[in-house]
Amino acid sequence: MAWVNAIIQGVLTGGLYALFACGLSLMFGVMKVVNLAHGDLAVVAGYIAIGVITVTHVPVLWSVLIVVPVMAVLGYVLQRTVIQGALDRSVLTTLLVTFGLSVVIENGLLQFFTANTRGIGAGLPLVTGSFSIGSQIQIAYLLVVIFAVAVVVLLGLQYFLSASKYGRLIRAVADDREAAQLAGADYRHVFGIAAALAFGTVALAGIGYGMYSQLDPTAGTDTILLFAFAAVVIGGLGSLWGTLLGGVVLGVAQQIGAQINISDEVLAGYIVFLAVLVLRPQGLTSRRTQS
Amino acid sequence: MSLATESTARPAAGFRVTRSRRNVTWTGAGALIVVVVLALFPYIVYSGTTTIMVQAFIVLTLASMWNLLAGYAGLVSVGQQAFVGLGAYFVLILAIHGASPFAALPVAAVGCGVAALPMWWLVSRLRSGYFAIATWVLAATIMLIIERFSSIGGGTGMPLPGVAGLSPAVLTAYTYWAGLAVAVLALAASYLLLRGRLGLVLTAVRDDEVAARSSGARVGLARLLVFVVAGAGCGAAGAILAISQLQVQPSAVFSVQWTAEMAFATIIGGLGTIEGPIIGTAVYMVLQQTLAAYNAWYLIILGLVAIVVALFARRGLWGLIDDRINLRLFPVGYWLRLDSGGERPRRLLARLGKGVPEA
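The listed protein sequences correspond, in order, to chains D and C.
Count the first sequence with my numbering and you get residues 508 to 798, in order.
Count the second sequence with my numbering and you get residues 18 to 376, in order.
Next up, chain D with everything else stripped away, as it sits in the complex (with noise of 0.2 Å):
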């Protein structure tokens, strides 16, 4: 029973994992900009949510609504100004400069909000609450809501790429630049819009890893980036299902390796990561969507 116990636990923070990855996958998969600050960002989302509900008391989902937006603002600047600068220079120059980026966040944090960790909604019945399936197998709602998230992000960003007249605009711009460029599309604006939207996942993300677990500075990079970036190589790259896919395996390996020994919880992630790098390289699903 403690098996199944850790399987079904696995497979909703896998949910949170997915949440994680959303961003990481999405900025790749347009502008072929691997976001090394993506964590990092995660977690400053996370310290504005604390802020805003420290300071104007409303109820902690709200501060998503105020968080998301903000962020997104905040992925267009940062798009239309430093990752393009980087961009237009070269691949090499936008890991030079995210990896900076990502060190200098961090180390802020540290500077101005210590090392202490920080919870969002401690004390909320949404955070602790939890129901049990018989005696033994106990779910936290939260888990649930963060996959239910995690899902409904995913269905959202599939449709929105697929469907809509922007997201064929982004698909096209992902796929050819120049002609897209030809055909009067301003690509800038374009990936800016797309920075938007992986810098809102990003704050999805950085809020329910504050609601699910501790805010602190080094969790950016410690546990979001490379859950994150296990997530996406398990699942396989280019691909938002997979990337789901991938997030629940690294949730259930986590789990059990918990369940063999309580410290190898990050262990076991990483060697199924390792396992799938070597065996698998294109990943466990290599179909390919077209984000």
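If you are wondering where the hints come from, they were derived from the structure by calculation, not from laboratory data.
Predicted, not measured: the structure shown is a model, and the values here were computed from it.
Just to be clear, a hint being listed does not mean it is correct.
[Said to hold, decoys possible] Derived list of chain C stretches under chain D, where covered just means 3 residues or more per stretch with a C-beta under 8 Å from a C-beta of chain D:
hint	stretch
1	91–105
2	119–132
3	280–287
4	306–320
5	323–330
Cβ atoms here follow ideal geometry from the backbone N, Cα and C, with glycine treated the same way.
Dock chain C against chain D, hints included.
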């Protein structure tokens, strides 16, 4: 402006192809004098100064290795802390078994070079950005595995044994010389590697990978070689770190901060120039020493400067110096020089337009 093939070295009318724009003998002699003077430091200066210098040697070694990776082989590794940590642990393990940490140093370097082979096999499946994060995950994985072994200190680490017999002054001096030797070797290795066939292949790849591959350059092999050398160099730096700290703690030696420091020093000094890491290390040390009282501020400032430099001055501070005074301390490319009189190579190139003679 190095030429992609050696065949252009044949004499042509009016100018010749040379390695350097100024006489390289003088810079060689200068380098030798600098090394000799540095080697005498333990007799001249206080041990506080040599301790800071050891830190500089570590950063210089790391930066030179990262420069080989990112500046020449196009490999942005964010997981070089894996080798820093492994180097430190090689020294710790050998010292626990009775070896002198100084004797363990070369073993650690070779061990890290060997460890780079399976790691390359894993991470080379991914390209550019994903390669970067894959190296990072690998470093995290290695740390988690090492933390499982309580005989080498587990998650908390342990003090380095095997140096109790040495007096503090002697230990400081030995550590300094070992650090100096590692840094000089790292620079010499970079220079010799880039001057040889490998440098030619890497330059060709940097300029046009498809063309280089189609003319038979063994790109994969060249990158593997750089990854192994960088692994050994970072491992040696990790060994010096363990000896200078007399303590090995997993979260400290496997910290991504090492990669941040080597990357920032390289970018600020000048990515893709051998002189860059030296300048970058100097900038790093000055900032770090001045802002020592303000925790991580030096890293924040270095990061911001590195971002600005990466965007607006791609060849870093050394690039700016080079543009002004037209100097190369470690010439690895080829230059055109007029036989008649002292016309500056740049003016010659300008007169030729883009007409560098192609074979």
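field: Numbers of the earlier hints that this structure fails to satisfy, in rising order
entry: Those not satisfied come down to hint 2.
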